Amino acid sequence: MPRLMVVTRSGEERSFEANPSSSVMEAIRDSGIDEIAAICGGCCSCATCHVHVDPAYVAKLPLRSEDEYSLLHGSQSFKDNSRLSCQIRVADAAEGLKVTIVPEE
Amino acid sequence: MLLEERDYFTDRVVLKDPYDYFAELFSKDPIYQPGLRDVMFVTGFEEANAILRNAQDFSSVIAVTGAAVPLPFKPAGDDISEQLEHHRHEVPGSEILVTYDGPRHTADRALLTSLFVPSRLKANQAYMEELAEKTVRDVVARGKCELIQDVAVPYVTLVIADLLGVPADDRDSFKEVIAAGPPPGNIDAEERPHSDSILEHLARHFVGYVQDRRAHPRADVLTQLANAKYPDGTTPELSAIVGVAVFLFAAGQDTSAKLIGNCLRFLTEDKALQQQLREDRGQVAGFIEEVLRLQGSTKVTFRVARRKTKVAGREIAAGQKIVIALSAANRDPRRWEEPNEFTLGRKKIQEHLAFGRGAHTCIGAPLARAEVKILLDRLLYHTSDISLSVEKHGPPENRRLEYEASFIIRGLENLHLELKPGIGANS
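Protein chains in written order, with my numbering: chain A, 1 to 105; chain B, 1 to 427.
Pulled out of the complex, with its shape left as it was, chain A reads as follows (with noise of 0.2 angstroms):
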């Protein structure tokens, strides 16, 4: 299984494997990190998954949709490395994927 990296709030980073057909966000709420509310639960409805990819996975992920963008640029911590986790499948992530849980609003 795929590996990932979170960053945590606190700046712990945890590594672990992740189920591939499962979405990052379920992937990060799965291993125990208990920072991601994900209030939708994963229908790309309310940017509470949000995190930063490191921008050496940017390219490597498939693109936003604009439901997405138009979520994540209401968001104070948007920057262009910002997703949505729930909407990454952890299939499309390249192996070793680092992102950083953006602080809480």
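Hints listed in this document are in silico derivations from the structure and should not be mistaken for laboratory results.
Zero decoy hints are in this set.
Selected chain A positions facing chain B (Cβ under 7 angstroms, derived; list incomplete):
{"no.": "1", "residue": "SER22"}
{"no.": "2", "residue": "ILE39"}
{"no.": "3", "residue": "GLY41"}
{"no.": "4", "residue": "CYS44"}
{"no.": "5", "residue": "SER45"}
{"no.": "6", "residue": "ASP67"}
If you want the footprint, here are the derived chain B segments under chain A, 3+ residues with CB under 8 angstroms:
{"no.": "7", "region": "223-233"}
{"no.": "8", "region": "357-366"}
Label-pair distances were calculated between CB atoms; the ranges are:
{"no.": "9", "chain 1": "B", "residue 1": "HIS87", "chain 2": "A", "residue 2": "GLU35", "range": "33 to 43 angstroms"}
{"no.": "10", "chain 1": "A", "residue 1": "THR8", "chain 2": "B", "residue 2": "GLU397", "range": "45 to 55 angstroms"}
{"no.": "11", "chain 1": "B", "residue 1": "TYR127", "chain 2": "A", "residue 2": "GLU35", "range": "36 to 46 angstroms"}
{"no.": "12", "chain 1": "B", "residue 1": "HIS87", "chain 2": "A", "residue 2": "ALA91", "range": "30 to 40 angstroms"}
These figures come from a predicted structure and were not determined experimentally.
For glycine and all other residues, C-beta sits at the position ideal for the given N, C-alpha and C.
Fit chain B to the supplied structure of chain A, relying on the hints for placement.
Relative to the frame of chain A, chain B by itself:
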């Protein structure tokens, strides 16, 4: 009667006011097991969150029948995962998405996510607006209505039918079949009848739609659904597609219709609030969130512990059945200031648990929010006053309100309204 003697699953007093009962349990302990049944109640916000987000240690297999029905096996040891999978098919309701666990749940749920993204809802919005406008104009012209059956149930049924792309000619039959069915979690177990036949009726239609669209793709939602792929690129069985489509009707109708009823009850009991929202309909979305927190349509959901584990320092044995009281978590005084008061504009109100949390978070929540907002907007626009019928429900100091006899659903069986036309009525 003492707390310990009440049975949440059958008690009519608790049915009428579950909030007092939950508050009493909470005052004992946010994770507490009252005497009558082998069932643990979770009434704290953090504790409920922790369990809902932990799909590794807690299974959803009993989410439909609830914790009232015994498991079909005797849990043995500190990890019952294997036993549970072996007996899963014997648990009533185990063919429904809300009871799935793990990869199977993730995969089947993924078939539906594209239906609820903002752009899809936007495409659905024109239909919702048109339907809400017509429905509201009709009842305002009559001056009164029974909100649940005249307005809410047909409205939410037609909205989900449109979202799924059900042909217009078939929608009326869907509406009739659903209007005749009971909600889940009926407290009168022996009267629990025919909800299976509703699902069968819907399933027959969807088998036809999916077969047709797989053979003859069109530019419609049913084609998109019929040809949806699992995240690993494989094609689901016909039955999986039919299952999730039918599930949307089963799960979304009662809850959304009851939410409309609960909203209108708040508006009719607080005329100042009603007028405030009428003058500024931009506040309707925030109003709905606070109704969801205080009187969400789903009172409780259920889990069973797969493994011996701990929640907030308390040990939970493998096989322990758990009632997660969502509506109690939404009134936890550690999370919400003055939790029993109706307050517009609470900070982070959307974190309430009315739609659950974690892997099984209500997938239709964005639709429920959108459809209820549109209907309330039209109701406020076309009226100058909405009141409860004194004839049917009694005077304000002595209301007679009947709640659906369900240990899952919180909602009125009927709500008779009187509607005075407003400025929008003739426009």
